[in-house]
Amino acid sequence: MEPVKEWATDFDVLDPGYVKDPFPIWADLRSRCPIAHTDRRGSTWLPTRYEDVNAIAHDIEHFSSRDVGVIPFKPPEGAELDGGDDPLTYGLPPISADPPLHTWTRRLILPWFSHRRVAGYVPMTRSICRALLDRFASTGHADAAVDYAQQIPVRVIAHILGVPEEMSDTFTGWVRDVLEFAENPERRSDTSDAFIEFFINQLVLRKKEPGEDLISSLLQAEVDGSPIDDSVILGIVVLLLVAGVDTTWSSIGAALWHLGGHPEDQRLLVERPEIMPSAIEELLRAYSPVTMAREVAQDIEFAGCPMRAGDKVLLTFAAANRDPEAFVEPDTVDLTREHNRHIAFGAGIHRCAGSNLARMELQVALEEWLKVIPEFRITDPDQVKWAGGQVRGPRVLPVEF
Amino acid sequence: MRIRVDPDKCEGHARCIALAADLFDVDDYGLSSVKVDVVPSHLEHAARLAVANCPEYAIEIVEE
Ligand code: HEM
Ligand code: SF4
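Those protein sequences? They're chains U and C, same order as listed.
Heads up: the first sequence begins at 1 in the working numbering, then just goes up one per residue.
Heads up: the second sequence begins at 1 in the working numbering, then just goes up one per residue.
Don't take every hint at face value.
As the list claims (entries may be wrong) - Stretches of chain C that chain U covers, calculated by requiring three or more beta carbons in the stretch to come under 8 angstroms of a beta carbon on chain U:
hint: 1; segment: 23-36
hint: 2; segment: 53-61
Claimed, not checked - Computed from the model, here is a short list of chain U residues facing chain C with C-beta under 7 angstroms:
hint: 3; residue: P111
hint: 4; residue: P277
hint: 5; residue: R341
Simulated from the structure, these hints should not be mistaken for laboratory data.
Keep in mind the model is a prediction, meaning the values are calculated, not measured.
Glycine residues also receive a C-beta, built at the ideal position from the N, C-alpha and C atoms.
Same shape as in the complex, but just chain U (with noise of 0.2 angstroms):
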């Protein structure tokens, strides 16, 4: 990889600089030229103000979600071009689809994360999260990413659709793969392959018995008097573990980093509890993981730059959520901030369908682990590794306590 020397017009978003600290590159961005642009793996441009970021995400009949992936997939050196047999023939809806797929696609599964519904996964979520903790709270150390972040959302998402929980370090190694190694071809599409035939022999289970499981339920579908397509079911199943998975454990990962440096916030936690929901906000707005991508459906110029139909644009939430038009004091991090308009979960119509979950695994994992783990600090600020692209949070981070 080339060096970055030039951020307004070659930018690179797996510079190791930006995976690990790319505030500075957005403050710099945002007051010189606001949206960035670079031709390394094609016509791509980078939106920092939040003005910008949300009127794209709006903007639905010029920027399309057919291609929502940050780094484009390049199949592996003399694979075919498949001719049509992909089982995937609907992508992954509804963050692949634009209307009117999207709406439909994106209704049957509302429900299963409807803000009472996901109430219900409460005391599930606890007790993962307290077994995860007694594996290591009397050693007096951990990886807080791997031995407890990565563990949760995955065993959560596996429960809701209804497979073993025993499968959750296959199901993390293949988000990881298809979302933080997206560079690696090869590895990319074993892994895909892997995955939907796993799917598929769960959709042939489910169809012989079905059980109470999101997937029993999108079998049982029907949507104008007819049963859904099975590709469809595929990539909606899919999307769920993509989706809920790498983001969720991120923002987890994030949230016990900012509290590993910040004993005054660990302490303003443990003793005033009432103020979570608004730090909750706060640490989503301020270390918020996921950027998405749209292309460019027909030409538009777009706050004076020129975007062609094909280019990129990529919607990097997290530095909408640092610009100073829009929070006060925005690299503060001030867990009772009382105005957070933050769209850390995207804005219109491809709100994160799986928000109020993800808030819920967020605040159920710090309780549980202030609880037992009232004080703790980062064993060696150097040793902490940030993955990038597509989700940002911490892969690797020791603590003690």
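Since chain U is already given, all that's left is putting chain C with the ligands on it; use the hints.
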């Protein structure tokens, strides 16, 4: 004080119900609605916070 949620703007972020569960209801699809006619005075601050935190600018004060 009276408030309303614009159903065309609301995308179901559920910030409103988290801030003021006594003022809002959200349905299974995330659509929010106001469940009181007049906001009780002790909840006026909470109502203002909901207005200030809704990412879709979907909540408005129709009468102070
Ligand atoms: C902190 C954790 C999470 C963050 C920050 C996050 C963020 C996002 C963002 C920004 C989008 C918008 C995508 C776009 O505009 O293209 C999105 C969409 C989505 N997320 Fe999440 N997400 C999280 C957790 C989850 C969880 C736990 C689930 C559920 C299992 C989930 C399921 C979805 C789905 C299904 C969509 C697609 C919605 C649509 O296109 O209509 N996410 N997420
Ligand atoms: S916060 Fe706004 S968008 Fe979200 S549910 Fe409430 S009214 Fe709707």
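Of the numbered hints stated earlier in the document, which are not met by this structure? Per hint list: zero violations.
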